[in-house]
Amino acid sequence: MIWQALADGIFTGAIIALGAIGVSFTLQIMRFANFAHAELLTWGAYLAFVFVLFVGPGTPTGPVSFGWQLLAAALLAAALTALLAWAVDALVFRRLLSRGAHPLTLVFAAFGAALVLRHLIVLFWGHDSRFYTRELQMAYEVLPGVRVLPDQVFILLLALAVVAALWLFLTYSRTGMAMRAMAENPSLAQSCGIEVDAVIRTTWLLSGALAALAGVFAGLTPQIHPEIGTNLLLALFAAAILGGTGSLPGAVVGGLLVGIAENVSLIWINPGYKQAMPFLVLLFVLIFFPQGLFSEKEHK
Amino acid sequence: MLTGIFSYLVFFACIVLLLGLVTLGLNLQWGFTGLFNAGVAGFYAIGAYTHAILTAAPQLNFLGNFGMPWIVGVMAAMATTALAAWLIGLITIRLRGDYLAIATFGIAVSIQLVTLNWEGLTGGSQGVTRIPKPLSGVFDTPLAYNLWYFALLAAVVALVYWALERILRSPWGRVLRAIREDETAVVALGKSAQRFRLEAFVLGSTLMGLAGALYVSFIGFVSPFDFLPIVTFQIWAMLIVGGSGNNKGALLGALVVWAIWAASGAAVAKLVPPSHAAQGAAIQVILIGLVLVLMLLFRPRGLVGEQAVVSRHAPD
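Keeping their order, the protein sequence lines are chains A and B.
Counting from 47, one number per residue, gives the positions in the first sequence under my numbering.
Counting from 1369, one number per residue, gives the positions in the second sequence under my numbering.
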């Protein structure tokens, strides 16, 4: 029972981690809590769905329930959602910042943007749940009492690959280094000649793309609906803050921990309260580890 | 026909006053103290459910069945909301601004889940019905009743407005605004910023709880779906549209935003076929989101804007 919950927690955790990376970087680099981030997951999931409507999810490949078409759809959705994240910034956040608005004004605006983004989805596609593929999947018993779907394993591996690629980008590319410098100390980074606008643009594009992938993966197990992102909102923030904002490994570990905590707690807790679990984790973190578990540096 | 329009207007005005009361509470927290409360719907719900549970007529499989008088329900609603806000505030009030937003948002979500899942106490998704309306036996038509309730609400809002204006001009109110502008300076002057923030948080939330109690005893019914996060966003839109930091603005914003909401709802009901009701409702919410974002972008001071408030003892 507990091992099954642990396995499920790791799968959900991987999805939460992908979404939390963007939240973590906006919190650290742009210095505000982007409550609209969860809607980027939803948009990613639906944009991929539109592409799948045209080309189909592809024939099942091996034990996995979809073909290359769905992966192409995910990539396309990632690109479009990256543009969407950048557009929301250009239309709303950057304008407010350039006027010297209070950081909390941006949080208000983010909630407003989230309302618009989510309900545009309802306007176009309604409340009904949608499926990328109707293929039925057999669960494999990998350990005694622990069953996993091949899709889940595939998603976990893919998420790990994406995180590894992102880690290489942040560690070795010039833009990646600039992003880390901005996260660490914005004013010092600026005075060292780092192009702030370029860093902010990259941050939004990356956040959007990763959010879209998280949305598609969440939609594969097993369906998409307009609240697919919103339901993860508190989990994303819990993971980002738990890991220490601005830290890639932190967001990944935070995501996994939140996913595991959520699924394991369901053994004892009424599933009706599932959505409150990440919040309890978050409250615990805010009280006892306000700087996150892995933070070496002092934040303000 | 004319009476139809008139009774609708009275009902509309009652709702505006109820939401205006909530907005006044939020204005104390955000407008004057700079506390970001993203859980307005949660405190509104605590007040509403406390009142409903204490006063509802006896019904089967329901833990409550207290059948208390109306005024006890209202007082208890305020006390419970104040207690809840105090407990929540003790934990969260020291968090930095955007973390407080996340925490209060999570609290509102959790409270809504409790109202949905604790069926014995709250009636679950069915809600609580048969909540007595004060003096309902005295008036024979719904219109006469609504007129009486309107007068009651107007008196409550006027009293709250007057009290808020008075305390905001007191030394206590000046400390709140000082915290909003520069917390470090306030601490350097020997004031406990945490204590004042907590007091403003509790007082503002208590007003939300009062509004919740007055809401359920007006409608006579309460369900978890009255307290979805959209309520919080509507209240914010009201405060931002009216002008945060101004109590007149808070009331004006409640009127304007509820008028937009009601008018768009009526337009949608006329123009959108019932088969697309979900899409119609989405249009309403998109409008609220747009109003919020556009006001912040193009008229951040709101319609009225904040007035310079000095001590009431200072000459004009």
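For the record, the hints were derived by calculation from the structure and aren't laboratory data.
Check each hint, because a few of them may be wrong.
[To be verified] Partial chain B-side listing against chain A, Cβ under 10 Å, derived: (1) 1402; (2) 1485; (3) 1591; (4) 1646.
Each residue gets a CB set at the ideal place from its N, CA and C atoms; glycine is no exception.
Handout entry: Structure-inconsistent hints, enumerated in ascending order
Key = 3
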